[in-house]
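The whole structure should be built from the sequences, with the hints applied where relevant.
Number of protein chains: 2
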Amino acid sequence: MNLLLLQPEDLGTHSDDINRVTLSDWRAQHIREVLRASSGDTLKVGLLNGLIGTATITAISNDKVSLEFELHKPPPPKLPLTLLLALPRPKMARRIIRAATELGAAEIILLNSYRVDKSYWQSPLVSDETLHKAMLEGLEQAGDTHLPILQRATRFKPFVEDQLPNLLKNKIGLLAHPYADQGPPHSVSQACLLAIGPEGGFIPYECEKLIAAGLQSFSLGPRILKTETAVSTLIGRLFL
Amino acid sequence: MNLLLLQPEDLGTHSDDINRVTLSDWRAQHIREVLRASSGDTLKVGLLNGLIGTATITAISNDKVSLEFELHKPPPPKLPLTLLLALPRPKMARRIIRAATELGAAEIILLNSYRVDKSYWQSPLVSDETLHKAMLEGLEQAGDTHLPILQRATRFKPFVEDQLPNLLKNKIGLLAHPYADQGPPHSVSQACLLAIGPEGGFIPYECEKLIAAGLQSFSLGPRILKTETAVSTLIGRLFL
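Read top to bottom, the protein sequences are chains Y and D.
Residue numbering for the first sequence follows our numbering, starting at 1 and increasing by one per position.
Residue numbering for the second sequence follows our numbering, starting at 1001 and increasing by one per position.
If a hint is listed, it holds; no wrong ones were tucked in.
Restricting the straight-line Cα-Cα distance to at most 35 Å, the calculated cross-link-like pairs of lysine-lysine (DSBU-like) are:
| no. | chain 1 | residue 1 | chain 2 | residue 2 |
| --- | --- | --- | --- | --- |
| 1 | D | K1091 | Y | K133 |
| 2 | Y | K171 | D | K1078 |
| 3 | Y | K91 | D | K1044 |
| 4 | Y | K78 | D | K1171 |
| 5 | Y | K44 | D | K1118 |
| 6 | Y | K91 | D | K1118 |
| 7 | D | K1091 | Y | K118 |
| 8 | D | K1133 | D | K1091 |
| 9 | D | K1091 | Y | K44 |
| 10 | D | K1133 | D | K1044 |
| 11 | D | K1091 | Y | K91 |
| 12 | D | K1073 | D | K1044 |
| 13 | Y | K209 | D | K1044 |
| 14 | D | K1078 | D | K1171 |
Bear in mind the hints are in silico, worked out from the structure with no lab data behind them.
Keep in mind it's a predicted model, so treat the numbers as computed, not measured.
And the structure:
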């Protein structure tokens, strides 16, 4: 946790309390036990979907931590990136969503695909609640406060035919595809939608539909990467 | 497992057996239960530190899988990358080493640093055996056969003063550093040594020593990344 992320409901409503907060949940425990902070120490703090700043610990006990804080600057800018991701194996999804959030993806769309096992969509590991938590962890790691927009496209064809062309307006669309001829572009300066397939890749029909909707395919080279590795590596190539 | 990785000791010594192998370990189980392969199916195969090719399953039973194989082409080339990595938290080390192997790092050096807890070096999670397994997993994922060279530099100062300058001959040396002014270079074409600090970063004294030895520092931007994310993102930026 590099940023203590406050939620609107943490804050008092009296004007006296507007810059004070007392925490008693896992964050208080983290401040005590992992950061080993004491009264008078300062922490980086941010308000969910709001500004970041500095907090000073005013009191600390076995079950509570009280802080005074000031929020005075915007969080790091988001990348102009929409990640269109075939729903990963549930065990991996949390980590991938966390890393994409950490890196600053503005929008994440989880897409169905022929090689996505139908049962994955029902897994508690990809529930809204689990993935919301994963995104909060990504924000706390990166020092960001703005949640990415997370959507699900559980039907491939209607999404690709009806929604994708609109999403691609004013964006370049890229499809990571093991058998494409050319590598990914370098540092893109404009908004970008990046599609990454499931383990085993999108099937040829899906690739055709994605390309017909406006995506350009590119190859990641001769190595077959895990989805989580591919996401970070590509963001590095395109945006770092 | 995208590549069935054979080890020299799997292979028979009779000339009749030179292209045949029978497996009864976890690989046989993986072929049966995960790949759900049957007799006559083909798999991508490679010999550790050797060539890659194709194997055909000739017999499959509850505890054994027999294959005939041909090795006819080299694995994907390594990246000309030496990763100089402050020893990560043991829980994370395995995954980071696996990903660096997957991405093709030629050499990985685990370095001591002020912010590396001394106990980490004794953890079974960073033992030679555990990290060897992690590298094998990275090779199997990527379709590679060549193990990276893994070394440990348990004393910071002697390593940086006595060994690092030699390692940097004919290489550019880069230091990921949160407070540097400039970003990382794009697609480097030459061999590169990339240093990545521990959680919390190298301390100023360590940065000075690394820069004095010939590293140029660069910033990763305003986001604080997990080591595993930083490694993949930087490799994407520098080499993809």
